[in-house]
Every structure is written in structure tokens, then in C-alpha cells.
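Asks: Working from the sequences, and respecting the hints, build out all of it.
By the working numbering, the letter at position 249 of the sequence shown is numbered 576, and the numbering carries on one by one without gaps.
Among the hints, erroneous ones may be present.
Said to hold, decoys possible - Ranges of calculated distance between the beta carbons of each label pair, as one might list FRET restraints:
#1 L495 - L636: 39 to 47 Å
#2 A607 - S659: 15 to 23 Å
#3 D615 - D437: 46 to 54 Å
It should be emphasised that the hints constitute simulated quantities derived from the structure, not laboratory data. Treat the numbers as computed from the prediction; the structure is a model and nothing was measured. Every residue, glycine too, gets a C-beta built ideally from N, C-alpha and C.
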Amino acid sequence: MTYQAAPYRADASPADLARLVRLVVAMVAATLVFVTFTPFPAATSSIATQDANASGDIVNQIGYLGICGLALAVLLTLSERRRLIELVRWQWLLMGLILVWSLVQSAYPDLAMRGVIFTLVAMAIAASVVLLPKTEADFRLAFTTACAIVLIVSYFGVLFLPGSALHLETDAEGHSGLWRGIYSHKNFAGPVMAAIALYGIYLWRAGDRIAGVLITLAAAYFVIKTGSKTTAGFLPLSVMVVSLRRFFGSARLVLVAHVCAVVLIAVLTIGSAFSPRIEAVTHTLIADTTFTGRDNIWEFGVHNLPEGLFSSYGFFGFWGTNVPLAQEEDTSARWDVRYIVSGHTNFIDAIMSFGRVPGAILVALLLLLPAFHYVRACRHPQNRRLADFFMMTVTLMGMISALETFFFARAMTTWLVFFIAVFGLSALAGRRAYWAQDHRVRPVVGLTFSK
328 MTYQAAPYRA DASPADLARL VRLVVAMVAA TLVFVTFTPF PAATSSIATQ DANASGDIVN
388 QIGYLGICGL ALAVLLTLSE RRRLIELVRW QWLLMGLILV WSLVQSAYPD LAMRGVIFTL
448 VAMAIAASVV LLPKTEADFR LAFTTACAIV LIVSYFGVLF LPGSALHLET DAEGHSGLWR
508 GIYSHKNFAG PVMAAIALYG IYLWRAGDRI AGVLITLAAA YFVIKTGSKT TAGFLPLSVM
568 VVSLRRFFGS ARLVLVAHVC AVVLIAVLTI GSAFSPRIEA VTHTLIADTT FTGRDNIWEF
628 GVHNLPEGLF SSYGFFGFWG TNVPLAQEED TSARWDVRYI VSGHTNFIDA IMSFGRVPGA
688 ILVALLLLLP AFHYVRACRH PQNRRLADFF MMTVTLMGMI SALETFFFAR AMTTWLVFFI
748 AVFGLSALAG RRAYWAQDHR VRPVVGLTFS K
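Replies: Listed below in C-alpha cells is the structure:
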């Protein structure tokens with residue numbers, strides 16, 4: 328695997344050294360997106376527990392804050408001004424305002440504040456993966472390194488540390504023997520490995536054929552071994568949606584197909600819990616229309632939606648708190664949903680955490696706006712391969728959103744990989760090709776280096 332765009336030599340110029348620093352920091356940031364400082368955590372299906380593994384440990388706290396500070400420092404001193412503009416786009420400012428609004432609504436403002444701060448730190452690290460690399464080849468080198476580390480360490484765990492990388496008999500019923508790798512649950516490992524498989528397709532299209540095939544096959548096989556049938560099904564569907572541009576020459580067709588796919592999956596899954604007719608249609612496709620008991624969780628969540636258009640429980644302020652515990656147990660449910668730690672869908676939990684109107688705005692910013700950015704990005708031929716990868720990831724995660732909660736879930740890998748795709752499409756949607764080389768590198772602070 329050769330990256331001709333990174334010819335660092337012993338007699339490198341200041342510009343070469345600056346580019347090397349940007350690449351190394353991007354590589355570290357990309358790796359941290361996928362791997363925390365404490366891999367192979369105890370098995371859990373709890374977002375809160377996984378967040379604690381990432382944000383509650385003092386090593387992780389110092390590590391994330393340190394890498395975030397380093398990435399921002401390098402961006403300020405060694406990157407181009409146009410890269411920094413991406414951090415202050417209107418959609419990110421609007422997201423920030425909604426996050427602040429969720430703090431005002433929270434019954435636990437101190438906990439919510441810490442959660443929001445750590446979420447923003449993790450998002451900054453994810454954004455730096457797109458902003459720091461000087462060239463697309465540098466981006467590939469950084470991201471490929473991170474993906475390779477995840478796959479190597481996860482497969483190492485499966486082969487030599489099965490007690491830490493596989494679900495055990497003491498875990499949830501029916502999970503014994505399923506793969507989770509370096510993550511705490513198969514439902515977290517599945518979407519991440521699916522995104523890595525999509526990246527392998529991009530890598531193959533970019534000319535790194537061997538690495539692309541190996542990464543795609545290894546990641547796709549891992550998805551199958553997690554036992555996540557929905558993720559395994561959504562993976563090829565996301566590829567099909569974005570492939571429409573190449574077959575029919577229309578990025579707008581991808582936009583329409585993306586919206587239809589996300590809405591259709593949401594209706595067939597969440598809708599089946601509230602409509603017998605929809606459930607009957609869903610039953611023709613799959614046997615378990617409860618989606619392993621998620622229907623009871625969705626019903627409980629909808630029953631407890633905050634009143635008013637802007638009211639909410641605050642940032643992750645419902646599940647796992649005293650609010651659901653104060654209600655009577657539904658003995659007809661598959662399990663006691665009062666103790667569930669998430670609503671198992673981004674769509675309901677967005678309303679829980681932010682309110683009906685703010686939640687709908689966030690869903691649009693994260694799932695609809697990127698599709699429009701994709702259309703704009705495809706105007707530049709140089710952007711199309713990477714835009715396809717980002718769009719496949721957004722479509723994949725959009726469909727998974729019907730069954731899992733990960734929006735703004737602090738340093739949760741699923742969320743950060745998804746946010747890289749969302750942020751990447753925004754960056755590629757500019758008036759010129761994002762990776763176009765300037766004749767002169769113009770840092771924001773410090774010296775001006777010649778190429």
C-alpha cells in the first residue's frame with residue numbers, strides 16, 4: 328500500500344514537517360474515535376455504562392481532553408483558514424444552542440453539563456480527523472491506520488482473549504458466543520464494523536485494492552459474527568442506495584433514496600409497535616416484530632414523551648433516572664422497561680432529551696442536511712469517492728437509528744463515526760474541491776510555509 332502524497336524525508340522543509348505533524352495528530356485522533364484508552368470493557372448493553380468507560384475513567388478524561396487540545400492547537404497553527412471555517416458553520420452553532428437548551432431543561436444540570444462538555448470534546452476530536460489531513464491521501468493513511476488497529480485488536484481478542492471479546496453465558500440471553508471485539512456489546516460493535524466495511528469499499532475505489540478488500544471482508548465477517556441481523560441487512564442496502572449515483576448519474580436520486588430508506592425502516596420498526604397493519608407488513612419480512620422486546624420500550628417512551636413543543640427531560644435525562652422508576656411496572660411487557668437505559672431509537676430519545684421541535688431539528692441536521700451536502704459535494708469529481716463513503720455511513724446509521732440510540736452519546740464510537748461522516752459531507756459541500764492543493768500553505772498563526 329503506497330501513499331505517494333506523503334513523501335517525508337530527513338531533509339524535509341518546514342511545510343513538510345507541518346504536514347507530518349497534522350497527519351500524526353489526525354492518526355491519533357482517528358484511532359481515539361475507534362479505541363478508548365481502556366479497550367475490552369466488561370460486557371454491557373448500556374449506553375450509560377459505555378459512556379462511563381469512555382468518560383468516567385480519569386485516564387480517558389485526561390486522554391480525550393489532551394488530544395482535543397492538541398488537535399485544536401495544530402489546527403490553529405498549521406492549518407488553512409478555510410479549514411477552521413468548517414467549525415463555525417450555522418448547523419454546528421444551532422446544535423450547540425439546542426444542547427445548551429437541554430441543560431436548562433435537565434433535572435440534573437451538573438451531570439448534564441459534564442455530559443455535554445465531554446460530548447463536544449469528542450465531537451471536536453472527530454471533526455479534526457477531517458480537518459487536519461492536508462491531502463485526501465493523508466486522510467486515508469490516518470483512517471486506514473485506525474481501522475486496521477480496530478480490526479487487529481478485535482480479532483486478537485476473539486482468538487486469544489475470548490473472555491473479553493465474546494459475549495459469555497452470563498450476558499444477556501441468546502448472546503453467548505457472539506462477537507463484540509474491543510467494544511462492550513455486539514450492538515455497538517456491529518454498526519462500527521459495518522462502517523469500517525464501507526470504508527474498505529472507498530479504499531478499494533481510491534486505488535488501494537488489497538487493503539480495501541482485506542478491510543471490507545474482515546469487517547463484514549465481524550458484523551456477521553456479532554449476530555446483528557439488522558446491521559448485516561442494512562450494510563448492503565446502504566451501498567445500494569449510494570450506488571444509484573454511479574448507475575444513473577444523479578446525486579439527487581441518492582438523496583431521495585436515502586430519505587425513503589430511513590423513513591421506511593423507521594415506519595416498519597417503530598411503527599409496528601403502534602399499528603397492527605404495519606406490524607402485519609413487517610411480519611411478512613421478519614418473524615420477530617417486537618425486535619427483541621423493543622416494542623415495549625418504544626410504547627413506554629411514547630407514553631412518557633414530554634408535553635409541549637419545546638419541553639424535554641434534558642440531556643439524557645429520562646432513561647436510567649428516577650422518572651421511569653416512579654411508574655408502575657407493566658407486567659405484560661417482555662421485561663421491566665423502567666430499568667432500560669435508552670429508548671433504543673434515536674427518534675424517540677431525541678424528543679426525550681431535547682423536546683419535540685428541537686429534537687426534530689437535530690434529526691434533520693444529522694440525517695437530512697447531510698444528504699443535501701452530498702448532492703453539492705458531488706459537483707466536484709475529486710470529492711465523489713469520499714462523499715460516497717460518508718453518505719453510505721450516514722444512510723447506514725440513519726437506518727440503525729430506528730433501533731438504537733447514539734445521537735450525542737458522548738464518546739460512543741458509533742456516534743463519533745457517524746459524526747465524522749456528517750461533518751465530512753459538510754466540508755466537502757464547499758464551492759471548491761475540499762482536497763484541492765493550494766500553491767502556498769497559509770497557517771492562521773505563525774509562519775507562512777512554502778510548499
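Asks: Each hint needs a verdict: does it hold in this structure or not?
Replies: Checked hints:
Against the hinted window of 39 to 47 Å, the Cβ-Cβ separation of L495 and L636 comes to about 45 Å, which satisfies the hint. Against the hinted window of 15 to 23 Å, the Cβ-Cβ separation of A607 and S659 comes to about 21 Å, which satisfies the hint. For D615 and D437, the hinted distance range of 46 to 54 Å is not satisfied, since their beta carbons lie about 40 Å from each other.
Taken one by one, the earlier hints fail for this structure only at number 3.
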